[in-house]
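Put together the whole structure using the sequences plus the hints.
There are 2 protein chains.
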Amino acid sequence: MTSAEELCREVLKRITPTEEERKHVLGLAEDLMARLRAILAEEGLEAEVRLEGSLAKDTWLSGEADVDIFVRFRPEVPRKFFKTRFLELARQAAEGYEQVERYAEHPYLECLANGVRVNIVPCYAVAPGEWLSATDRTPYHTDYVRSRLDERLKGEVRLMKKFMKGIGAYGAELRVGGFSGYLCELLVLYYGGFLGALKGALRWRKGTVIDPAGYYEGREEEARELFRHHLIVVDPVDAARNAAASVRLDKMAAFVAAAREFLARPSEVFFFPSGPGPTGAEELAAQIRARGTSLLAVHVRVSGLVPDVLWGQLYRSLRGLRGMLRGEGFTVLRASAWSDERENCVLLFELESLRLPPVMKHVGPPIWVEEHSERFLAKHTVNPDLICGPYVEGDRWVVLVKRKWPDAVGLLKARLADRGGRNAGVAPLLADQVEARGFRVIEGEGIAGLCRELEGFGEWLADFLAGRPRWLARRA
Amino acid sequence: MTSAEELCREVLKRITPTEEERKHVLGLAEDLMARLRAILAEEGLEAEVRLEGSLAKDTWLSGEADVDIFVRFRPEVPRKFFKTRFLELARQAAEGYEQVERYAEHPYLECLANGVRVNIVPCYAVAPGEWLSATDRTPYHTDYVRSRLDERLKGEVRLMKKFMKGIGAYGAELRVGGFSGYLCELLVLYYGGFLGALKGALRWRKGTVIDPAGYYEGREEEARELFRHHLIVVDPVDAARNAAASVRLDKMAAFVAAAREFLARPSEVFFFPSGPGPTGAEELAAQIRARGTSLLAVHVRVSGLVPDVLWGQLYRSLRGLRGMLRGEGFTVLRASAWSDERENCVLLFELESLRLPPVMKHVGPPIWVEEHSERFLAKHTVNPDLICGPYVEGDRWVVLVKRKWPDAVGLLKARLADRGGRNAGVAPLLADQVEARGFRVIEGEGIAGLCRELEGFGEWLADFLAGRPRWLARRA
Numbered sequence: 499m500t501s502a503e504e505l506c507r508e509v510l511k512r513i514t515p516t517e518e519e520r521k522h523v524l525g526l527a528e529d530l531m532a533r534l535r536a537i538l539a540e541e542g543l544e545a546e547v548r549l550e551g552s553l554a555k556d557t558w559l560s561g562e563a564d565v566d567i568f569v570r571f572r573p574e575v576p577r578k579f580f581k582t583r584f585l586e587l588a589r590q591a592a593e594g595y596e597q598v599e600r601y602a603e604h605p606y607l608e609c610l611a612n613g614v615r616v617n618i619v620p621c622y623a624v625a626p627g628e629w630l631s632a633t634d635r636t637p638y639h640t641d642y643v644r645s646r647l648d649e650r651l652k653g654e655v656r657l658m659k660k661f662m663k664g665i666g667a668y669g670a671e672l673r674v675g676g677f678s679g680y681l682c683e684l685l686v687l688y689y690g691g692f693l694g695a696l697k698g699a700l701r702w703r704k705g706t707v708i709d710p711a712g713y714y715e716g717r718e719e720e721a722r723e724l725f726r727h728h729l730i731v732v733d734p735v736d737a738a739r740n741a742a743a744s745v746r747l748d749k750m751a752a753f754v755a756a757a758r759e760f761l762a763r764p765s766e767v768f769f770f771p772s773g774p775g776p777t778g779a780e781e782l783a784a785q786i787r788a789r790g791t792s793l794l795a796v797h798v799r800v801s802g803l804v805p806d807v808l809w810g811q812l813y814r815s816l817r818g819l820r821g822m823l824r825g826e827g828f829t830v831l832r833a834s835a836w837s838d839e840r841e842n843c844v845l846l847f848e849l850e851s852l853r854l855p856p857v858m859k860h861v862g863p864p865i866w867v868e869e870h871s872e873r874f875l876a877k878h879t880v881n882p883d884l885i886c887g888p889y890v891e892g893d894r895w896v897v898l899v900k901r902k903w904p905d906a907v908g909l910l911k912a913r914l915a916d917r918g919g920r921n922a923g924v925a926p927l928l929a930d931q932v933e934a935r936g937f938r939v940i941e942g943e944g945i946a947g948l949c950r951e952l953e954g955f956g957e958w959l960a961d962f963l964a965g966r967p968r969w970l971a972r973r974a
Numbered sequence: 499m500t501s502a503e504e505l506c507r508e509v510l511k512r513i514t515p516t517e518e519e520r521k522h523v524l525g526l527a528e529d530l531m532a533r534l535r536a537i538l539a540e541e542g543l544e545a546e547v548r549l550e551g552s553l554a555k556d557t558w559l560s561g562e563a564d565v566d567i568f569v570r571f572r573p574e575v576p577r578k579f580f581k582t583r584f585l586e587l588a589r590q591a592a593e594g595y596e597q598v599e600r601y602a603e604h605p606y607l608e609c610l611a612n613g614v615r616v617n618i619v620p621c622y623a624v625a626p627g628e629w630l631s632a633t634d635r636t637p638y639h640t641d642y643v644r645s646r647l648d649e650r651l652k653g654e655v656r657l658m659k660k661f662m663k664g665i666g667a668y669g670a671e672l673r674v675g676g677f678s679g680y681l682c683e684l685l686v687l688y689y690g691g692f693l694g695a696l697k698g699a700l701r702w703r704k705g706t707v708i709d710p711a712g713y714y715e716g717r718e719e720e721a722r723e724l725f726r727h728h729l730i731v732v733d734p735v736d737a738a739r740n741a742a743a744s745v746r747l748d749k750m751a752a753f754v755a756a757a758r759e760f761l762a763r764p765s766e767v768f769f770f771p772s773g774p775g776p777t778g779a780e781e782l783a784a785q786i787r788a789r790g791t792s793l794l795a796v797h798v799r800v801s802g803l804v805p806d807v808l809w810g811q812l813y814r815s816l817r818g819l820r821g822m823l824r825g826e827g828f829t830v831l832r833a834s835a836w837s838d839e840r841e842n843c844v845l846l847f848e849l850e851s852l853r854l855p856p857v858m859k860h861v862g863p864p865i866w867v868e869e870h871s872e873r874f875l876a877k878h879t880v881n882p883d884l885i886c887g888p889y890v891e892g893d894r895w896v897v898l899v900k901r902k903w904p905d906a907v908g909l910l911k912a913r914l915a916d917r918g919g920r921n922a923g924v925a926p927l928l929a930d931q932v933e934a935r936g937f938r939v940i941e942g943e944g945i946a947g948l949c950r951e952l953e954g955f956g957e958w959l960a961d962f963l964a965g966r967p968r969w970l971a972r973r974a
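Read top to bottom, the protein sequences are chains A and B. Residues in the first sequence are numbered from 499 upward in steps of one, following the working numbering. Residues in the second sequence are numbered from 499 upward in steps of one, following the working numbering.
Please keep in mind that the hints were generated in silico from the structure rather than gathered at the bench. The reader is advised that the hints may include incorrect statements.
Because identical chains share one entry, a pair is satisfied inside a single copy or across any pair of copies.
Unchecked claim - The calculated lysine to any residue pairs, modelled on SDA-like cross-linking and capped at a C-alpha distance of 25 Å, are:
hint : residue 1 : residue 2
1    : Lys902    : Val830
2    : Lys578    : Leu543
3    : Lys859    : Ala788
4    : Lys911    : Gly561
5    : Lys859    : Ala783
6    : Lys511    : Asn881
7    : Lys697    : Val767
8    : Lys900    : Leu963
9    : Lys902    : Arg853
Since this is a predicted model, take the numbers as computed values, not measurements.
Have a look at this one:
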């Protein structure tokens, strides 16, 4: 077995950009920045054009360059300007490149320049703590990290990012709910390196507070009270911000588990995960058949939702529908969502069984409460679906009645057909789409057939069926 | 509809002993007491022979006389004497009658004299609060009640007792877990009559305190703290005793529900319940078949257990086995026990289904705990029954695995065959019997066949299947 240190050296060679790549990307960035500066000057607009992000900090991964160009305006510039004139000027600067306007919370222009993604983002030049927009902190983040990184640490950050990518925990976007690039940098700085950060993470628990600038020294409980999150990394640039706010509990836990696994069994697979198992429709159908559980999928077509909004809707709907199924008595083992982030979404549920026994217990009101008891008895003593009772159990009236929805497929179809499922747990914007564009409910091995229609779905389904993270080794 | 008052008058006529019956029973009691007094005098034993219970208080029901003869000894008499010489003397007095020795907590002689049950019970003549045995309070109970009852109230007590019998809530014995005769008397005295007691019960809640002697006036919370029971009726003869300690929550609740129902819809059925539905094996089998649930019975032969011990074991085993079945994933809708109190017992479970889906979710340790996590991963990454995972959910390791016991019959048989089920929730004395004498597990309509072997089982099963108390009217 290779030692972790040796392995890291090898990996680092593969993920560090070459001089040539570096020149290409930086040249492209300089060119665009020069164009922007010229256009702004022409307009008589006073603004600083800066390179930010991993390129500015030299922590980017070979083959995955992202050029983040920020334009810092004076606070007097109205917010509305960002959405209108600024985007026009940015588009002008990026003329000749493929362009997309992005609206998250903040408008910006994304374009593809010779295969490299470039973001042109407006922000305000303000003092720390006087933030006017969500991106005003970024230049401070860049300065904070750049001033503290030496050549060795840049490599350590690259290892950290690649590791997070490899285990599926990289990215603050809602789909992932993981670790941002900046958070990776903070952790490497705090622990002094990649392996140090992994070792440090083994001591993490729910409610861990990491506070590089020592804002809450001796008052950690206050930070916990303030941020109320399972992982708190106080932003050194802003004491009121948790740089780990995006990290979901399961991603935090997966990182800690992967860190422990890597330290015990170092392997390339953490950085370069092997492909999933077979992803053909036939093989997947056979797997589903042999499995013994019951799969239930809802395919919805969507449009006009940016990824963070879409994933928010998908995750909420997943929780909502799972709760609805559970409320009707079904045992939902797992639930997960897939989307191409353009027009297709699949909500997938794994159930113990699609059918439930025909009779269920219905626990009624405490007998002490006359009004409720009488209503219950009035209903159930003449209920045609009554099987047994009403009888007293403990201090409550109880009946056994015929189950209304013994079949999950029928239940799900009926609920989704009623106002897009908005009364059954589907989040409102997704319910709009379900209502407008319809839905398909697919069960069992039929779900494998979706691989033929939906690009990337097969890989995702193969991973879902296996369940085991690719980095988790079988024990001897 | 007859008014409640009118109905009570009619019922009272039927349940009040006639002069002739009274003479017969009292004559028999006097005769036995005279014999006992003579024998005790012959032995030179100083003891008071007294008539106690409902006969002494004139609150007994026609056709259901119980003669309770108490012999009060001086405190110097050793406890051991009760179990030995006393029983011999009592047997001598009851010569010519069918005799049984009873050991509950206290030894006494029961005999059948011309069709009337007679109990000859020893106790100590002690001052209140200086009790030496469980039956020393009885003469004080008799005196307390007798001194407060007039002719009208005696009738009210008879109605109360008959009502409790009719709804299955009469008796402090463990099988019933209901209201003793003395408790019925206290309630009638406290509320001034039968209908008054029913109306009073409508205000009962969990933790109700009734304190006829006012021992805890203004300190009800203390009584609640002391007795920790859902119904507290402070014994006027002993401030440290809850005269309602035997009343189970479901019996208390059933009484309150029946009281409300009777006041709204007076009917003879509360006092003279109609028979159950059809009790033939064929009809019951058909009902079970049509029902949609799954019944599972365990038949055990027992011997040498007095009823209160037997029922204690049965109820504990019922809870234990239900817990075991639930622990394995089965949904137990109801559970109940039957016994002839001689040699046959049946534990009956009603399940949603006897079979469970083949795969179950197994939630493992939090990923933070290294040792437990490693043990879990070491087991499950190579588990031949693994279906999916291990994966991280929230902050725990989880797997889907093949269910070990998808079949309730197989599970129950295996568990009972292992040391009489004592590790699976069967109470120890019953487990001894299961081990020594074996058991039968019977499922579904096969259970109806037990009617042919076990006298009285058919009626009980018919009531169990219906569930609805016989007094509960269908709403129009």
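Exercise. With identical chains treated as interchangeable, where does the CA-CA distance between Lys697 and Val767 reach 25 Å or less: within a copy, between copies, both, or neither?
Worked result: within (19 Å within a copy, 75 Å between copies)
Exercise. How would you classify Lys900 and Leu963 at a CA-CA limit of 25 Å: within, between, both, or neither?
Worked result: Intra 34 Å, inter 15 Å, cutoff 25 Å: inter-copy only.
Exercise. How would you classify Lys578 and Leu543 at a CA-CA limit of 25 Å: within, between, both, or neither?
Worked result: So Lys578 and Leu543 pass the 25 Å test inside one copy only (15 Å; across, 110 Å).
For this session: Please work out whether the CA atoms of Lys859 and Ala788 approach to 25 Å or closer within one copy, between two copies, in both situations, or in neither?
Result: For Lys859 and Ala788, only the inter-copy Cα distance (17 Å) is at most 25 Å; the intra-copy one is 32 Å.
For this session: Measure nothing new, just compare the shortest in-copy and cross-copy C-alpha distances for Lys511 and Asn881 to 25 Å and report within, between, both or neither.
Result: So Lys511 and Asn881 fail the 25 Å test inside a copy (74 Å) and across (38 Å) alike.
Exercise. Which holds for Lys859 with Ala783 at a C-alpha limit of 25 Å: within a copy, between copies, both or neither?
Worked result: between (35 Å within a copy, 22 Å between copies)
Exercise. Can you tell me if Lys911 and Gly561 fall within 25 Å by alpha carbon in one copy, between copies, both or neither?
Worked result: neither (44 Å within a copy, 63 Å between copies)
For this session: Can you give me the call for Lys902 and Arg853, within, between, both or neither, at a CA distance of at most 25 Å?
Result: both (12 Å within a copy, 20 Å between copies)
Exercise. For Lys902 vs Val830, is the C-alpha pair at or below 25 Å within one copy, between two copies, both, or neither?
Worked result: both (18 Å within a copy, 19 Å between copies)
The earlier numbered hints that this structure contradicts are 4 and 6.
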